[in-house]
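*Asks:* Protein chains in written order, with our numbering: chain P, 404 to 675; chain S, 404 to 675.
Just so you know, these hints were derived from the structure itself, not from any lab.
Please note that a few of the clues may not be correct.
Pairs involving identical chains hold if they fit within one copy or between any two copies, as the list cannot separate such chains.
Straight-line alpha carbon distances no greater than 27 Å define the calculated DSS-like cross-link-like pairs of lysine-lysine that follow [claimed, not checked]:
hint, residue 1, residue 2
1, K557, K635
2, K650, K635
3, K405, K539
4, K635, K449
5, K519, K560
6, K453, K622
7, K539, K664
8, K632, K440
9, K664, K405
10, K622, K632
11, K664, K609
12, K516, K664
13, K405, K613
14, K557, K449
15, K516, K491
16, K632, K516
17, K664, K635
18, K650, K539
19, K664, K519
20, K405, K650
21, K519, K405
22, K650, K440
23, K519, K491
24, K560, K516
25, K539, K613
26, K491, K650
27, K609, K584
28, K449, K539
29, K632, K557
30, K453, K440
Treat the numbers as computed from the prediction; the structure is a model and nothing was measured.
One-letter residues, chain by chain:
There are 2 protein chains.
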Amino acid sequence: MKRIALLGCGSMGTQIALAIESGTFPATLTHVYDASKDASASLVQKLTNKPEIVENPHLLSSQPIDIVVEAASQDAVKDVALSVLQNKKDLMIMSVGALLDESIYDILSDACKDFKKTIYLPSGAIAGLDGIKSVKDELESLSITTSKHPRSLKGAKFFETSNINLDEINSATTIFEGTAKAAVSLFPANINVAALLSLIGLGSAKTNVKIVADPNTDKNTHHIEATGKFGKMTFTIENIPDVNNPKTSRLAILSAIQTLKTYCSNDIQIGT
Amino acid sequence: MKRIALLGCGSMGTQIALAIESGTFPATLTHVYDASKDASASLVQKLTNKPEIVENPHLLSSQPIDIVVEAASQDAVKDVALSVLQNKKDLMIMSVGALLDESIYDILSDACKDFKKTIYLPSGAIAGLDGIKSVKDELESLSITTSKHPRSLKGAKFFETSNINLDEINSATTIFEGTAKAAVSLFPANINVAALLSLIGLGSAKTNVKIVADPNTDKNTHHIEATGKFGKMTFTIENIPDVNNPKTSRLAILSAIQTLKTYCSNDIQIGT
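Bound-form chain P, shown alone:
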């Protein structure tokens, strides 16, 4: 039975906590933290097996737990990730954009080796990362095209300096084409997907991102292409938004829960 501590008690954290409580894999949620005391209290209130609320995020990894699950923010990752490893605990990270800073990535990768611990990054709202990581050394090009309804793109920093008026788009229109490095600052809602692809493959300067506004869809669709000596892979993932949190794809929640399930279980594990 693995003991889990949860950092972040928002919509994602709550769904992870409920999945742990459902008993479908051998785990118990023992400690939680959220910067908002209301959020942590509200989560604990929903659970039958009450975890302890700790006073600050660093107190999660000093408990007798196996893994800290981060579902909070990039800042939370930057704040606690290293101390989690130093406390000899594993870590699952949802806010993977934090790792795009190369110095942070390198420090955490080295710390994993030094303290013999592992950081897990679920596949999030995309899939096919099993294939891409296998061919990483022979990868020649890697690109992703994300199509969303214009309303799902509203508020992105991109529009502060663009003439595009989302309300006037009446057919599928490419509004951005550039590197993942540029995309993550201009389209924060896309950061996790762009970060995962950048980290697994060619880095954010060589990963290409295209954003399409499509008024005729209610899904978030990611189309990924990878080419190299191995051949070619293309993956299309049409995601339905989660009913509890329309900003998140249902797949992102399911892949987080699956990663935790695999971590906690001794069983037949299918997939690279």
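Take the given structure of chain P and dock chain S to it, following the hints.
*Replies:* For chain S alone, coordinates are given in the frame of chain P:
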């Protein structure tokens, strides 16, 4: 540093052994076995760090090793898998078709829990299993279409009772459409891919397989479609055959090596 024992010293086993010897991940190959003494001797001769050749496959897991890597045959899996777990060692299986027998799957899954060990099945010649396993509980349909040059299909059991003459096919032609259960016995060369999809998803009776003979391709292409409440995923993997063993896709070897690398390393692990 993980200690690895290798069961099967053919083309796949040799490439895995060479990958271990390359030192790109912290592992050492300590023991090997092959039913052919020439094959094991030939492999050991290629390596600088000579592993010990054991006298029978059961002697692999009685050594002080962490994992047995099977790259031999379905019969080898059926023969040794349980005793590997009983000896408290992990196991990586290449001949995944052996697990299509439900009683074997259940026995091994239970043994993983009993002995707190894990069996790893790499994604083989396909990709996207990270996504499919995450949505397993809401999967409604799962299908795969495999396209190959007619010469790559020759000799399949299917042709013993079929009127199709592969030499007469001059454009892409669907020659089989049915369940994975039927496909694995009729097209043994496709067994690993069909088995992986069956095991991860809906079982072999509900997984659909289509085989296309295409004289205009030199690649093996797998097109996978999964639908359900989560949305829809499609994965297309165009594989180049391995130069050392044209019957195997290069990706199948790379995914086996990646699975082993992940097993041996404490690092940032990307993907569900």
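*Asks:* If a hint holds in the structure, say so; if it doesn't, say that too.
*Replies:* Cross-check of the supplied hints:
For a Cα distance limit of 27 Å, the shortest separation of K557 from K635 across copies, 25 Å, qualifies, whereas the shortest one inside one copy, 33 Å, does not. For a Cα distance limit of 27 Å, the shortest separation of K650 from K635 across copies, 18 Å, qualifies, whereas the shortest one inside one copy, 31 Å, does not. When the C-alpha separation of K405 and K539 is checked against a cutoff of 27 Å, the pair qualifies only between copies, where the shortest distance is 22 Å, while the shortest distance within a copy is 31 Å. Within a single copy, K635 and K449 get their C-alpha atoms no closer than 46 Å, and across copies no closer than 31 Å, so neither meets the 27 Å cut-off.
For the identical chains of this complex, K519 and K560 are neighbours neither inside a copy (39 Å) nor across copies (49 Å), given an alpha-carbon limit of 27 Å. Taking the shortest alpha-carbon separations for K453 and K622, neither the intra-copy value of 36 Å nor the inter-copy value of 55 Å comes in at or below 27 Å. With identical chains, the CA atoms of K539 and K664 are at most 27 Å apart both within one copy (26 Å) and between copies (13 Å). Taking the closest pair of Cα atoms, K632 and K440 never come within 27 Å of each other, the shortest separation being 52 Å inside a single copy and 34 Å across copies.
In this assembly of identical chains, K664 and K405 lie within 27 Å of each other by CA distance both inside one copy and across copies; the values are 10 Å within and 24 Å between. Taking the shortest alpha-carbon separations for K622 and K632, only the inter-copy value of 12 Å comes in at or below 27 Å, while the best intra-copy value is 33 Å. In the homo-oligomer, the alpha carbons of K664 and K609 lie at most 27 Å apart only across protomers (24 Å), although the nearest pairing inside one protomer, at 33 Å, exceeds that limit. When the C-alpha separation of K516 and K664 is checked against a cutoff of 27 Å, the pair qualifies both within a copy, at 23 Å, and between copies, at 13 Å.
Proximity of K405 to K613 under the C-alpha cut-off of 27 Å is found in neither arrangement, the shortest distances being 40 Å within a copy and 41 Å between copies. Taking the shortest alpha-carbon separations for K557 and K449, neither the intra-copy value of 32 Å nor the inter-copy value of 59 Å comes in at or below 27 Å. With identical chains, the CA atoms of K516 and K491 are at most 27 Å apart both within one copy (11 Å) and between copies (24 Å). In the homo-oligomer, the alpha carbons of K632 and K516 never lie at most 27 Å apart, since the shortest distance is 30 Å inside one protomer and 39 Å across protomers.
In the homo-oligomer, the alpha carbons of K664 and K635 lie at most 27 Å apart only across protomers (22 Å), although the nearest pairing inside one protomer, at 30 Å, exceeds that limit. Only between protomers do K650 and K539 lie at most 27 Å apart by alpha-carbon distance; the minimum there is 22 Å, versus 30 Å within a single protomer. In this assembly of identical chains, K664 and K519 lie within 27 Å of each other by CA distance both inside one copy and across copies; the values are 21 Å within and 15 Å between. With identical chains, the CA atoms of K405 and K650 are never at most 27 Å apart, being 30 Å at best within one copy and 42 Å at best between copies.
In the homo-oligomer, the alpha carbons of K519 and K405 lie at most 27 Å apart both inside one protomer (17 Å) and across protomers (12 Å), since each shortest distance falls under that limit. In this assembly of identical chains, K650 and K440 lie within 27 Å of each other by CA distance solely inside one copy; the values are 23 Å within and 59 Å between copies. Taking the shortest Cα distances, K519 and K491 sit within 27 Å of each other both inside one copy (8 Å) and across copies (21 Å). For a Cα distance limit of 27 Å, the shortest separation of K560 from K516 qualifies neither inside one copy, at 37 Å, nor across copies, at 49 Å.
In this assembly of identical chains, the alpha carbons of K539 and K613 lie at most 27 Å apart only when taken from the same copy (21 Å versus 29 Å across copies). With identical chains, the CA atoms of K491 and K650 are never at most 27 Å apart, being 33 Å at best within one copy and 44 Å at best between copies. Proximity of K609 to K584 under the C-alpha cut-off of 27 Å is restricted to the intra-copy arrangement: shortest distance 8 Å within a copy versus 42 Å between copies. Within a single copy, K449 and K539 get their C-alpha atoms only as close as 42 Å, which misses the 27 Å cut-off; across copies the closest is 26 Å, which meets it.
Taking the closest pair of Cα atoms, K632 and K557 come within 27 Å of each other only across two copies (26 Å); inside a single copy the shortest separation is 39 Å, beyond that limit. Taking identical chains as interchangeable, the C-alpha atoms of K453 and K440 lie at most 27 Å apart only when both belong to the same chain, with a minimum of 15 Å there against 59 Å between chains.
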